[in-house]
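Mapping the sequence shown onto full-length UniProt numbering, position 143 (from 1) lands on 143, and the numbers just tick up by one.
Read the hints as simulated data drawn from the structure, not as lab findings.
Do not rely on the hints blindly, as some may be mistaken.
As the list claims (entries may be wrong) - Derived lysine-lysine pairs resembling DSS-like cross-links, with alpha carbons at most 25 Å apart:
id, residue 1, residue 2
1, Lys177, Lys205
2, Lys82, Lys163
3, Lys109, Lys122
4, Lys18, Lys82
5, Lys46, Lys15
6, Lys46, Lys36
7, Lys205, Lys92
8, Lys128, Lys36
9, Lys82, Lys216
10, Lys177, Lys46
11, Lys177, Lys145
12, Lys109, Lys216
13, Lys36, Lys120
14, Lys82, Lys94
15, Lys247, Lys128
16, Lys82, Lys46
17, Lys163, Lys177
18, Lys82, Lys177
19, Lys82, Lys113
20, Lys92, Lys82
21, Lys82, Lys145
22, Lys94, Lys145
23, Lys205, Lys82
24, Lys94, Lys120
25, Lys177, Lys113
26, Lys247, Lys113
27, Lys128, Lys205
28, Lys113, Lys202
29, Lys163, Lys145
30, Lys92, Lys15
31, Lys120, Lys92
32, Lys247, Lys46
33, Lys113, Lys18
34, Lys109, Lys92
35, Lys109, Lys36
36, Lys177, Lys216
37, Lys18, Lys92
38, Lys94, Lys15
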Amino acid sequence: MLRIPRRKDVFPRTKAEKIALDLINEYADFEAPNWKIYTEELIAYKMLHGVPAGTIDPEAQAYVFEIDENNIPESFYETLGKTLVMLHRIPKEKASEAGVVVQTAEEVKQNMKGRMDTVKEKFGVGEKLWNRWQTWLNDEELWPKETGLIHGDLHPGHILVEKLGNVTGLIDWTEAKVADISRDFMGHYRVFGEEGLDALIKAYKEAGGYHWPRMKEHIIELNATFPVDIAELALISGQDEYVQMAKKELGLTGM
Numbered sequence: 001m002l003r004i005p006r007r008k009d010v011f012p013r014t015k016a017e018k019i020a021l022d023l024i025n026e027y028a029d030f031e032a033p034n035w036k037i038y039t040e041e042l043i044a045y046k047m048l049h050g051v052p053a054g055t056i057d058p059e060a061q062a063y064v065f066e067i068d069e070n071n072i073p074e075s076f077y078e079t080l081g082k083t084l085v086m087l088h089r090i091p092k093e094k095a096s097e098a099g100v101v102v103q104t105a106e107e108v109k110q111n112m113k114g115r116m117d118t119v120k121e122k123f124g125v126g127e128k129l130w131n132r133w134q135t136w137l138n139d140e141e142l143w144p145k146e147t148g149l150i151h152g153d154l155h156p157g158h159i160l161v162e163k164l165g166n167v168t169g170l171i172d173w174t175e176a177k178v179a180d181i182s183r184d185f186m187g188h189y190r191v192f193g194e195e196g197l198d199a200l201i202k203a204y205k206e207a208g209g210y211h212w213p214r215m216k217e218h219i220i221e222l223n224a225t226f227p228v229d230i231a232e233l234a235l236i237s238g239q240d241e242y243v244q245m246a247k248k249e250l251g252l253t254g255m
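The task is simple: from the sequences and hints, build the whole structure.
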């Protein structure tokens with residue numbers, strides 16, 4: 001596979017991804033891109049097995065799945081659960097030594113609080129949503145006590161599967177860091193709902209993954225902070241389309 005950086009200023013942003021990929025390829029059994037050529041002109045790696053579990057149809061604005069989304073194979077959950085456990089268990093000290101961003105559980109929470117405060121200052125936040133966020137932040141039982149190396153942007157388009165639905169690898173590692181492992185469950189919850197989330201958490205637990213009593217509730221509440229991501233994108237891009245989307249998601253339209 002060949003990747004040609006579109007502009008010279010894009011290349012420095014790939015450095016963090018390269019560091020994460022080198023670490024993952026050293027410790028994980030699942031497939032991830034292994035950049036054999038890494039220059040400003042060209043990034044190249046051996047093609048991976050499998051195809052994305054789902055791709056977005058731009059016209060329909062919906063996923064086209066390679067798996068039966070109405071009857072997801074048990075093997076998909078089993079292999080995805082094992083893949084996530086393997087990823088989250090990569091030694092944090094090795095990640096730190098390699099130069100990957102590493103956050104503690106307390107830093108994760110404080111970072112989220114800071115992001116919320118910034119969005120409230122720049123945009124404002126609807127009272128109902130703001131109160132929900134604060135309740136979540138202040139409930140210690142909801143939050144994990146550990147962090148792990150995460151993909152950070154996991155959804156069907158970044159999960160590779162073979163024809164029987166077994167997960168073979170993960171792609172697009174631009175958001176990889178040591179942080180809240182719950183973030184790797186968010187995309188699945190958004191696409192497959194509560195039933196899909198239950199199945200993935202069950203497979204993750206059975207594979208030996210770190211979990212806590214209110215893990216599911218925490219993931220659902222973390223998903224409710226998605227408007228923060230939209231607002232940050234709007235601030236970075238300055239595009240009115242994202243600004244309006246952010247205001248809607250933040251509960252500011254019709255006020």
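Inset, instruction - Starting from Lys120, check that the Cα of Lys92 is at most 25 Å away, please. - result: Violated. Lys120 to Lys92 sits at ~32 Å, over the 25 Å cutoff.
Legend entry - Distance restraint between Lys177 and Lys216, which requires alpha-carbon spacing of 25 Å or less: This hinted pair holds, its Cα atoms lying about 21 Å apart.
Legend entry - Pair hint outcome, Lys177 versus Lys113 [Cα-Cα no greater than 25 Å]: holds (18 Å)
Inset, instruction - With a cut-off of 25 Å on the C-alpha distance, tell me whether Lys92 and Lys15 pass. - result: holds (19 Å)
Inset, instruction - Below or equal to 25 Å on CA atoms is what counts here, so check Lys163 against Lys177. - result: violated (30 Å)
Legend entry - Hinted pair Lys128 and Lys205, Cα distance within 25 Å: The given pair, whose Cα atoms are some 33 Å apart, is violated under the 25 Å limit.
Legend entry - Holds or violated: Lys247 to Lys113, with C-alpha atoms at most 25 Å apart: Distance ~19 Å between Lys247 and Lys113 Cα, so the pair holds.
Legend entry - Given hint Lys145 paired with Lys163 - CA-CA distance at most 25 Å: This hinted pair is violated, its Cα atoms lying about 37 Å apart.
Inset, instruction - Please work out if Lys82 and Lys177 have their alpha carbons no farther apart than 25 Å. - result: OK: Lys82 and Lys177 at ~19 Å, within 25 Å.
Inset, instruction - Please work out if Lys109 and Lys122 have their alpha carbons no farther apart than 25 Å. - result: holds (20 Å)
Inset, instruction - For the pair we were handed, Lys177 and Lys46, check the Cα-Cα distance against 25 Å. - result: Distance ~23 Å between Lys177 and Lys46 Cα, so the pair holds.
Legend entry - Holds or violated: Lys247 to Lys46, with C-alpha atoms at most 25 Å apart: Roughly 42 Å separates the two Cα atoms, so the pair is violated.
Of the numbered hints given earlier, the model fails hints 8, 13, 17, 19, 24, 27, 28, 29, 31, 32, 33, 35; all others are met.
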